[in-house]
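Peer 1: This is what each chain is made of:
Number of protein chains: 2
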Amino acid sequence: MQKINNYIATHKTRFINELIQLLKIPSISADTAFSKDVIETAKIVQESLKDAGCDNTEICETKGYPVVYGEKIIDPKLPTVLVYGHYDVQPPDPMELWTSPPFEPVIKKTDLHPEGAIFARGACDDKGQMYMHVKALEFMVKTDQLPCNVKFMIEGEEEVGSDSLGEFLEANKEKFSNDIILISDTGIMANDVPSITTGLRGLSYVEVEVTGPNRDLHSGIYGGAVPNPINVLNKMIASLHDDNNHITIPGFYDKVEEVSDEERAEMAKAPFHLEEYKKALDINDVQGEKGYSTSERYSIRPTLDVNGIWGGYTGEGAKTVIASKAYAKISMRLVPDQDPDEITELFTKHFEAIAPKSVKVKVTPHHGGLPYVTNMDSIGYKAAAKAYEITFGKTPVPERTGGSIPIVALFEQVLKSKTILMGFGLDSDAIHSPNEHFGVWNYLKGIETIPYFYKYFTEMNS
Amino acid sequence: MQKINNYIATHKTRFINELIQLLKIPSISADTAFSKDVIETAKIVQESLKDAGCDNTEICETKGYPVVYGEKIIDPKLPTVLVYGHYDVQPPDPMELWTSPPFEPVIKKTDLHPEGAIFARGACDDKGQMYMHVKALEFMVKTDQLPCNVKFMIEGEEEVGSDSLGEFLEANKEKFSNDIILISDTGIMANDVPSITTGLRGLSYVEVEVTGPNRDLHSGIYGGAVPNPINVLNKMIASLHDDNNHITIPGFYDKVEEVSDEERAEMAKAPFHLEEYKKALDINDVQGEKGYSTSERYSIRPTLDVNGIWGGYTGEGAKTVIASKAYAKISMRLVPDQDPDEITELFTKHFEAIAPKSVKVKVTPHHGGLPYVTNMDSIGYKAAAKAYEITFGKTPVPERTGGSIPIVALFEQVLKSKTILMGFGLDSDAIHSPNEHFGVWNYLKGIETIPYFYKYFTEMNS
Numbered sequence: 017m018q019k020i021n022n023y024i025a026t027h028k029t030r031f032i033n034e035l036i037q038l039l040k041i042p043s044i045s046a047d048t049a050f051s052k053d054v055i056e057t058a059k060i061v062q063e064s065l066k067d068a069g070c071d072n073t074e075i076c077e078t079k080g081y082p083v084v085y086g087e088k089i090i091d092p093k094l095p096t097v098l099v100y101g102h103y104d105v106q107p108p109d110p111m112e113l114w115t116s117p118p119f120e121p122v123i124k125k126t127d128l129h130p131e132g133a134i135f136a137r138g139a140c141d142d143k144g145q146m147y148m149h150v151k152a153l154e155f156m157v158k159t160d161q162l163p164c165n166v167k168f169m170i171e172g173e174e175e176v177g178s179d180s181l182g183e184f185l186e187a188n189k190e191k192f193s194n195d196i197i198l199i200s201d202t203g204i205m206a207n208d209v210p211s212i213t214t215g216l217r218g219l220s221y222v223e224v225e226v227t228g229p230n231r232d233l234h235s236g237i238y239g240g241a242v243p244n245p246i247n248v249l250n251k252m253i254a255s256l257h258d259d260n261n262h263i264t265i266p267g268f269y270d271k272v273e274e275v276s277d278e279e280r281a282e283m284a285k286a287p288f289h290l291e292e293y294k295k296a297l298d299i300n301d302v303q304g305e306k307g308y309s310t311s312e313r314y315s316i317r318p319t320l321d322v323n324g325i326w327g328g329y330t331g332e333g334a335k336t337v338i339a340s341k342a343y344a345k346i347s348m349r350l351v352p353d354q355d356p357d358e359i360t361e362l363f364t365k366h367f368e369a370i371a372p373k374s375v376k377v378k379v380t381p382h383h384g385g386l387p388y389v390t391n392m393d394s395i396g397y398k399a400a401a402k403a404y405e406i407t408f409g410k411t412p413v414p415e416r417t418g419g420s421i422p423i424v425a426l427f428e429q430v431l432k433s434k435t436i437l438m439g440f441g442l443d444s445d446a447i448h449s450p451n452e453h454f455g456v457w458n459y460l461k462g463i464e465t466i467p468y469f470y471k472y473f474t475e476m477n478s
Numbered sequence: 017m018q019k020i021n022n023y024i025a026t027h028k029t030r031f032i033n034e035l036i037q038l039l040k041i042p043s044i045s046a047d048t049a050f051s052k053d054v055i056e057t058a059k060i061v062q063e064s065l066k067d068a069g070c071d072n073t074e075i076c077e078t079k080g081y082p083v084v085y086g087e088k089i090i091d092p093k094l095p096t097v098l099v100y101g102h103y104d105v106q107p108p109d110p111m112e113l114w115t116s117p118p119f120e121p122v123i124k125k126t127d128l129h130p131e132g133a134i135f136a137r138g139a140c141d142d143k144g145q146m147y148m149h150v151k152a153l154e155f156m157v158k159t160d161q162l163p164c165n166v167k168f169m170i171e172g173e174e175e176v177g178s179d180s181l182g183e184f185l186e187a188n189k190e191k192f193s194n195d196i197i198l199i200s201d202t203g204i205m206a207n208d209v210p211s212i213t214t215g216l217r218g219l220s221y222v223e224v225e226v227t228g229p230n231r232d233l234h235s236g237i238y239g240g241a242v243p244n245p246i247n248v249l250n251k252m253i254a255s256l257h258d259d260n261n262h263i264t265i266p267g268f269y270d271k272v273e274e275v276s277d278e279e280r281a282e283m284a285k286a287p288f289h290l291e292e293y294k295k296a297l298d299i300n301d302v303q304g305e306k307g308y309s310t311s312e313r314y315s316i317r318p319t320l321d322v323n324g325i326w327g328g329y330t331g332e333g334a335k336t337v338i339a340s341k342a343y344a345k346i347s348m349r350l351v352p353d354q355d356p357d358e359i360t361e362l363f364t365k366h367f368e369a370i371a372p373k374s375v376k377v378k379v380t381p382h383h384g385g386l387p388y389v390t391n392m393d394s395i396g397y398k399a400a401a402k403a404y405e406i407t408f409g410k411t412p413v414p415e416r417t418g419g420s421i422p423i424v425a426l427f428e429q430v431l432k433s434k435t436i437l438m439g440f441g442l443d444s445d446a447i448h449s450p451n452e453h454f455g456v457w458n459y460l461k462g463i464e465t466i467p468y469f470y471k472y473f474t475e476m477n478s
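Chains as they are written, first to last, in the working numbering: chain X, 17 to 478; chain C, 17 to 478.
By construction, these hints were calculated from the structure, which means they are not laboratory data.
There may be inaccurate statements among the hints.
The list cannot tell twin chains apart, which means a pair is met if one copy fits it or any two copies do.
Unchecked claim - In silico DSBU-like pairs for lysine-lysine, Cα to Cα no more than 35 Å straight-line:
1) K376 x K285
2) K376 x K295
3) K125 x K373
4) K52 x K189
5) K373 x K285
6) K251 x K271
7) K19 x K365
8) K40 x K306
9) K28 x K376
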């Protein structure tokens with residue numbers, strides 16, 4: 017790609033500052049208190065697409081937060097790449113664990129990012145990775161090297177399950193028609209070990225409420241005689257895993273695709289160092305389903321995790337109370353061919369079934385997503401692999417990862433097109449956690465790599 | 017007792033208004049944000065003791081909140097009654113469940129309180145019941161009917177375990193020397209079923225912290241492979257009870273005094289209606305230790321209850337996170353002859369022992385209290401029983417209750433004197449809960465009954 021490195025060298029400071037401006041806005045889609053900021057972010061993204069060279073941009077209303085659209089059609093006969101990303105971010109809490117405010121981006125050096133990383137909520141997931149595509153387009157347009165058509169779909173509800181997108185897509189199939197979908201919302205194994213995500217787990221997410229007595233009670237006067245909803249909830253949740261960490265919900269594993277020994281052997285070749293993994297998380301031991309390796313546990317196997325729990329007195333000091341209610345947020349990661357709606361139903365039935373007569377339980381589904389697997393023989397995958405080879409000097413490793421991007425399965429259903437996941441973040445970038453960051457090197461490497469995908473994908477299609 | 021009913025009839029409005037003023041101050045000892053209010057309350061209590069006729073009052077400093085002292089010594093040769101109470105209150109949360117603000121007292125009628133009840137935090141526990149003694153003294157002094165000496169000890173740390181009181185008592189044994197201690201911080205079975213509490217459970221209260229990974233993690237990328245501290249905490253807490261709701265901590269029951277079948281049969285005669293009990297709490301079933309009745313479960317048996325639990329994302333919407341830490345507040349109600357320090361140690365050892373290698377656990381003791389049983393053959397008990405007989409027209413039922421008043425055991429150790437628990441509240445008064453209240457009838461009935469105790473106790477002593 018002519019002049020890509022010069023172009024990045026010339027504009028790198030501006031590229032970084034533009035991203036920093038975007039990161040300053042708290043576009044937290046999970047919390048309605050921030051809805052103004054989410055909307056404002058959408059407008060800024062639209063502007064950036066115009067500036068980068070889109071001929072036509074639009075803020076498309078949905079039932080929820082809007083989708084930002086942009087396109088540059090140079091020739092209808094040429095293939096069209098649809099870039100998907102999201103401008104919303106996760107809530108930043110627990111705030112007290114951030115070393116710098118989540119929406120006041122700063123660049124700090126880390127062991128893995130000697131050239132510095134941008135610390136801010138959304139730096140990696142997904143504002144930073146989404147913006148690489150905007151800047152890659154800028155380069156291709158300004159230097160007359162855009163080889164095909166491009167469309168952008170940047171949404172604002174990914175962190176809350178893209179609830180409005182299905183209906184929106186159905187109503188706009190033509191507008192978003194494409195030959196391949198490109199998403200950067202995943203990672204690479206290391207800066208010297210490029211990888212491409214070929215599998216994603218699905219998701220079922222529920223909130224449960226257990227009600228005991230109709231009011232909080234004095235634990236001395238009632239303790240031992242009445243159902244304590246917190247103790248009951250603990251028993252119920254504990255019973256969802258057996259001693260081998262298998263999930264006990266009847267039918268939960270029925271549709272799980274058993275990965276062949278050959279494929280498991282192939283995956284086992286990917287570099288993974290258990291001791292480093294444990295050291296990085298400061299844990300003395302890993303924990304997971306018996307019979308599977310750590311990398312299998314977070315990739316080809318389904319899970320059940322409590323993401324939040326609360327009930328009773330959680331303030332300072334001691335209060336001898338028996339709470340009336342206890343709550344938990346529980347998510348299940350799914351693998352092919354599990355269906356999120358089916359799993360949510362199985363969970364609900366089971367959870368209600370195991371509740372003792374002494375309490376009332378309520379299960380509220382939050383959102384779900386289908387699992388997804390990419391075909392490595394596809395032109396899309398090959399073009400991406402070749403792009404990484406050029407810019408990293410190494411063939412990327414195919415990797416199945418645990419994260420969910422529900423939209424990927426939705427695209428296949430509605431738009432009938434495949435998705436390539438070209439991520440540039442690292443597991444250690446702390447997405448969804450305090451001190452999320454994105455390496456400056458990774459940010460620029462993404463901008464450098466993406467145009468090659470356009471080049472090879474167009475060539476392989478002709 | 018001459019003119020007691022006339023006196024109450026004449027002054028009842030003032031008695032109620034004075035209590036309402038006291039209830040307006042949020043003297044929450046568990047939350048340092050309210051320390052000024054706690055101190056202010058102490059001063060108001062001191063003033064009220066002066067006004068009631070104490071010759072000498074004092075605000076005694078302790079390592080924590082002060083103790084309010086007051087005395088009326090009419091003749092050193094006469095017996096001395098020490099009145100104990102507390103001016104601090106429980107935190108009011110969950111605020112949203114209060115039908116009127118916790119520190120804006122209002123009088124509302126209820127089914128059980130047709131003459132109205134004062135709704136406010138502390139109305140019953142213990143400002144209302146403590147203030148009955150102040151007004152009873154006022155009556156006896158103003159009408160020249162105080163038959164013996166009286167001392168008051170009103171403390172400000174009862175709701176957080178009276179931590180400073182032990183040391184304070186040791187240093188002031190002489191000042192608080194007495195022949196009998198009188199406390200109104202318990203209840204009666206019903207307004208037409210007077211009862212005297214003869215047994216109190218002790219308390220061991222701990223806070224636990226379970227740490228998994230060193231930071232919050234994305235549940236998709238790590239889920240299934242790393243220890244989730246919330247799931248682990250749930251398993252650990254669930255394991256603390258077996259299927260019969262026996263507590264599994266080794267040695268927990270070693271010192272539990274087995275109550276004789278005779279005594280159990282005697283207790284079983286006390287009126288108790290399971291269906292009404294369940295209906296009042298809106299539960300379909302009670303829950304507790306196998307082999308014991310509901311009233312035994314909350315009186316003669318020890319318990320383990322989670323009073324609060326928290327961890328992970330508890331805000332609006334969904335966040336797919338694996339928390340780094342999970343927390344719980346756990347209290348154990350103890351019976352003779354369990355020792356709180358021993359039980360806390362047994363809990364700590366066991367909790368650390370059952371923690372999987374993959375997590376770190378920390379146990380922090382909050383406070384404890386020894387269990388207590390009163391001798392029904394004592395002069396104190398007989399004087400109290402006679403007082404109830406006069407004002408209620410019925411012999412009071414001896415009752416063992418679940419609540420803890422750690423100070424009672426401490427008094428016996430340090431001051432070598434016995435305590436009589438003359439309570440006038442009802443279980444339904446929602447102490448420690450939203451909408452705590454205290455019946456106006458009960459408040460006035462207490463003021464009416466207390467002077468008779470002084471009368472009979474003095475007579476029986478002479």
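Peer 1: Hints first: check each against the structure and report whether it holds.
Peer 2: Taking the hints in turn, this is what the structure says about them:
In this homomeric assembly, K376 and K285 come within 35 Å of each other (Cα to Cα) only across copies, at 32 Å, whereas the closest approach inside a single copy is 49 Å. Taking identical chains as interchangeable, the C-alpha atoms of K376 and K295 lie at most 35 Å apart only when they sit on different chains, with a minimum of 14 Å there against 42 Å within one chain. In this homomeric assembly, K125 and K373 come within 35 Å of each other (Cα to Cα) only across copies, at 33 Å, whereas the closest approach inside a single copy is 56 Å. Taking identical chains as interchangeable, the C-alpha atoms of K52 and K189 lie at most 35 Å apart only when both belong to the same chain, with a minimum of 28 Å there against 64 Å between chains.
Proximity of K373 and K285 under a CA criterion of 35 Å is satisfied inter-copy only: 28 Å between copies versus 50 Å inside one chain copy. Taking CA atoms no more than 35 Å apart as the test, K251 paired with K271 passes in both settings, with 27 Å inside one copy and 27 Å between copies. With identical chains, the CA atoms of K19 and K365 are never at most 35 Å apart, being 60 Å at best within one copy and 66 Å at best between copies. Within a single copy, K40 and K306 get their C-alpha atoms no closer than 44 Å, and across copies no closer than 58 Å, so neither meets the 35 Å cut-off.
Taking CA atoms no more than 35 Å apart as the test, K28 paired with K376 passes in neither setting, with 58 Å inside one copy and 44 Å between copies.
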